[in-house]
Structure formats: structure tokens, C-alpha cells
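Peer 1: Here the sequence shown stands for residues 53 to 409, numbered as in our numbering.
Note that these hints are calculated values from the structure, not bench results.
Do not take every clue at face value.
What the hints assert, rightly or not - Label-pair restraints from in silico Cβ distances:
1) Gly279 <-> Arg194: 30 to 38 Å
2) Pro379 <-> Gly219: 25 to 33 Å
3) Lys381 <-> Val107: 26 to 34 Å
4) Leu314 <-> Gln286: 17 to 25 Å
5) Glu206 <-> Glu351: 14 to 22 Å
Yeah, the Cβ is synthetic: ideal placement off N, Cα and C, and Gly gets one too.
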Amino acid sequence: MKKSMACILVGILALTSLVGCGGKKESAPTPEANKAEATTPEASKEPAASEKTYVFKYAELNPDDHIMDQCGDKFAELVKEKSDGRIVIEVFPAGQLGDEKTMYQTLQMGGGTIDICRGNTNSLADFGVKKLNLFGLPFVFRDRAHLWNVLNSEIGEEFLKEPQEAGTGMVGLFYLDEGSRNFYTIPNKPINDISDFKGLKLRVPTTELMTETVTAMGIQSTPISFGELYSAIQAGTVDGAEQPHSGYYSNKFFEVAPNYILTGHTYSPSIVLMSEGKWDTLEDADKAIIIEAAKETEEWNRSNIEELDNKLLEDIKAAGANVIEVPDKTPYIEATKGVVAKYIVGLEDYYNAILAK
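Can you build the whole structure from these sequences, using the hints too?
Peer 2: The following block contains the structure:
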């Protein structure tokens with residue numbers, strides 16, 4: 053924070069003090085305030101925490117009105133309300149501030165262009181976390197109820213602290229449920245069996261965990277920026293990709309990849325992260341406001357996502373997509389057992405505890 057020197061002369065007494073001013077909109081002083089300033093040394097003290105103002109930039113990959121964007125808006129609304137307008141969170145959807153890797157790297161460098169972002173727990177494997185990888189393992193969660201049982205347990209609380217404890221420069225704030233992830237492919241590549249995936253080029257998040265997961269299914273992982281994915285499918289650069297219902301529908305991928313296969317291969321929750329550098333600028337009282345708003349946003353998401361997911365699947369069908377059910381996921385589970393075995397080494401107790409919830 054920049055500081056400026058203000059000299060107050062009262063008779064023959066000179067008092068020099070530092071006044072904090074960064075990030076705060078100062079209102080014009082009243083005559084009474086001027087009088088107090090001229091007669092009391094206390095006027096030169098730093099402002100109390102309740103008087104400080106902040107503006108943070110929140111990055112979201114999905115478009116405006118996507119459920120994850122709505123959660124960002126809800127979080128911003130709650131924080132503003134609880135702080136009486138002192139803490140403002142500006143939400144930038146549709147990848148305006150960069151891709152997922154850029155978001156994480158910006159947080160690690162102390163924020164600025166991005167201070168808060170929503171990512172996916174399965175995309176943090178390459179940023180120094182290990183326990184959170186378990187949430188991104190194939191078929192680790194049976195269903196939505198199982199997911200939330202874990203997230204709201206001591207396991208979820210412990211894992212949320214991992215980014216900060218691992219020294220990533222990021223602080224975990226809360227989880228979000230976007231739904232399980234499913235594959236989608238171009239018109240002439242329907243998937244009726246796991247063997248139909250063999251040799252297909254699909255875009256998945258560029259992490260070792262996701263790459264190894266799809267490779268185990270016979271898929272060739274092809275790195276494509278999310279912002280370029282629609283055109284890449286359209287041009288034939290890739291044969292498809294994978295996402296939850298919300299991402300598939302809101303980005304209109306059914307137009308270029310109409311085969312939507314309900315594999316539910318991963319159900320990794322989203323995680324909202326804040327730059328530790330920015331987090332450390334907050335007083336404890338304001339950190340408490342952020343956490344309170346975070347928990348309420350999490351609950352709002354949980355209360356709305358299932359109904360939305362059901363509606364989205366109907367919308368996907370109505371849009372003309374070929375929705376392919378997967379009644380028996382055993383071949384997929386068997387194919388990815390090696391991936392699970394690799395990533396639970398040293399974390400077996402956590403993995404078994406997750407399965408038991």
C-alpha cells in the first residue's frame with residue numbers, strides 16, 4: 053500500500069503521520085472532521101478493518117449464466133452484502149482472464165489480473181497438491197449424495213486447506229458441484245462400448261491424472277485451449293471432449309459433437325481458490341466474511357444443482373443430441389484401476405475413507 057505524508061500544524065505543534073490510502077475511495081471531509089483532524093492526534097491512525105475497501109477479480113471459464121458463473125455471482129453478492137459494500141468481487145466469465153493454467157499461475161504470483169478463480173480439483177495435480185487428486189480419480193464417487201457427504205466431512209475440510217499448506221500460493225475457499233463429467237464425440241463417432249473409444253482424439257484438461265485416465269480407456273488425449281475447443285471439434289482437430297451437462301449444453305457442443313455418452317467417469321468437484329497474497333491483505337474479520345459467504349454459496353449450489361442437472365439433460369435431448377446411456381460401467385472401472393492404484397500410493401487411508409462415506 054502506498055502511503056503519503058501529511059503534515060498537520062496546530063499552533064507551534066507539528067505532528068507527522070502516515071495515512072493508508074490504497075484501494076479505498078475517500079469521501080470529502082466534513083467541517084466537523086476537519087476540526088477533529090486539526091485538534092486530535094488520533095485522526096492520523098490507520099483506518100479500522102471495517103473501513104477498508106477491496107476489489108477482487110474472479111475468473112470463470114464458463115459463459116455468463118452457466119451454473120458455475122451463477123455461483124460466482126452469488127458469492128460476490130453475499131460478500132458485498134456482508135461487508136456493507138466494502139469488499140467487491142468482479143466476476144469475469146467465459147475465460148476472459150485466461151485459461152485454467154493461467155488462472156492458477158496468476159494466483160501463485162500474488163494476484164492482480166486475477167485474485168480468485170474457480171478451477172477443478174482434478175486440474176491441480178500439477179500444482180503441488182496430492183490429496184485433492186483423490187477427488188479427481190475415475191469413479192471414486194458413487195453419486196451426488198456421496199460427493200457431498202465427503203465434501204462436508206472432515207476429509208473435505210482437510211483437503212480444502214491443502215493448496216495453502218502445500219505452499220502453492222493459493223488458498224482454498226469452498227467447493228462447488230458442477231456434476232459428473234461425460235464424453236461427447238463428433239457425428240460419425242458414436243460410442244456404444246468402451247472399445248469404440250480406441251484411437252479417438254479427445255480434449256481433456258491438461259493434467260497427468262486426466263491424461264492417464266483417458267489413455268487407460270484407449271483415448272488419445274489432445275491438448276486444446278478450452279476457448280478454442282468448439283472450433284477445434286468443428287475443424288476435425290479433435291473428435292470430441294468431456295464435460296458435465298452444464299458445460300456441454302451452455303457451450304453448445306451438441307452442435308458439433310452430438311453424441312453425448314453418460315460415462316460419469318469423474319465427479320471431481322470444483323474448488324474456488326484465492327491468491328494467498330491477496331488473502332493476506334485481509335483483516336481477520338474480513339476473512340471471516342469471505343468464509344461465511346463461501347459456505348452459503350456452497351449450500352446454494354448444493355440446493356440447486358440437482359434440479360438444474362435434470363433439466364439440462366432434458367434440454368440436451370431436446371437440442372437433438374444422441375444421449376447414450378452406460379448401464380454397466382464395469383469395463384471403464386476395470387480399465388482405469390491402474391490409474392487409481394498409482395495415485396493412491398501413500399494416501400490409501402484417505403482413499404478408503406472416501407469410499408466408506
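Peer 1: Taking the hints in turn, state whether each one holds.
Peer 2: Results for each hint:
1. The supplied range of 30 to 38 Å is met by glycine 279 and arginine 194, whose beta-carbon atoms lie about 33 Å from each other.
2. For proline 379 paired with glycine 219, a C-beta distance near 44 Å fails the hint of 25 to 33 Å.
3. For lysine 381 and valine 107, the Cβ-Cβ distance of about 46 Å falls outside the hinted range of 26 to 34 Å, so the restraint is violated.
4. Hint check: leucine 314 to glutamine 286, Cβ distance near 23 Å, so the stated range 17 to 25 Å holds.
5. At roughly 18 Å, the beta carbons of glutamate 206 and glutamate 351 sit within the given window of 14 to 22 Å.
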